[in-house]
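2 protein chains.
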Amino acid sequence: MIGTTVQELLLENQDNFLVPAENVASLLYSNPLDHALLVLSKVGYSKIPVLDKDDRFVGLIGLNDIVGKMIDLRKIDTDNLAGLTVADVMEIGVDYARDDADLEDILHLLVNNAFLPIVNSERIFVGIITRKEVLKATNHLVHELEKRYSLVEKAEKKKDKLFVI
Amino acid sequence: MIGTTVQELLLENQDNFLVPAENVASLLYSNPLDHALLVLSKVGYSKIPVLDKDDRFVGLIGLNDIVGKMIDLRKIDTDNLAGLTVADVMEIGVDYARDDADLEDILHLLVNNAFLPIVNSERIFVGIITRKEVLKATNHLVHELEKRYSLVEKAEKKKDKLFVI
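Protein chains in written order, with the UniProt record's numbering: chain Y, 1 to 165; chain C, 1 to 165.
With the rest of the complex left out, here is chain Y (with noise of 0.2 Å):
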């Protein structure tokens, strides 16, 4: 459980943590991987999500999956590229967020990955939360709390266990 004040502080300067999906590059299942190649040398990230054709989120894809794919045996061919999509190569099963998701999963969640797919009840992409917005959060609130807040120790429940066992 995040504590209310702690919750208000981390979402003072902003409604959510949400990059909205139309400043968040991303890819087509169907797109060719030497576009997709193209499109990840460019975006300056690591990895962007993958849409099917009505804006469904379906999973990742990073340069890491397509050079994978050039690398055959120490020999590096561009020529392994032909005739795939994106669909062959991007990562799917991967961890994604309801828009309506609580704080604490998305803080949990974010532990293990860079950003988040967030996506509507219709599982239709509607952005992405990443590490980077929650510590811009984090900055505020490590900054703001003992400003505004005296911090009271409440009364130690772990001494009381002792005399009980």
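Derived from the structure by calculation, the hints contain no laboratory data.
Hints should not be assumed to be uniformly reliable.
Heads up, the list lumps identical chains together, so a pair's fine if it works in one copy or across two of them.
[As the list claims (entries may be wrong)] Pairs of lysine-lysine, DSS-like flavour, derived with a Cα cap of 27 Å: (1) 147 with 136; (2) 147 with 42; (3) 69 with 42.
Since the structure of chain Y is provided, determine the placement of chain C on it from the hints.
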């Protein structure tokens, strides 16, 4: 300024956020690019540190930098890599921090960097601090804070000012 209680809570489960150099994949600036491409495609990180032969931190390199060199007017050709080394495409002038830096400075730099190379006073690379490690600590902080402490609002100084003006 980060208050002492908040800083203690952030660092309660770890001495610091450092991932030590021996656990971080890195490249030598003189490594050929096709080797760098192989390493980067295996490690699963989008960027890794580049060191000189004395283990001094000199820059960063990512798949992006290499694939960018392979792409020539919408044509992808690994021949473009021939004769190039890491030094030819790595990013220099990147953010990094000394191993005695304040937590406050580290947190600020991590807003714009997925990880931060950490060096000692002789610029020897000692490891990295990642957003992931900070996120873990943020989770700990936001869960424990209101469990252990009552937050008592301090007298608001802004309101006093209204009377002065």
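Comparing the hints with the structure gives:
no.: 1; hint: 147 with 136; result: both (17 Å within a copy, 23 Å between copies)
no.: 2; hint: 147 with 42; result: neither (42 Å within a copy, 45 Å between copies)
no.: 3; hint: 69 with 42; result: both (19 Å within a copy, 12 Å between copies)
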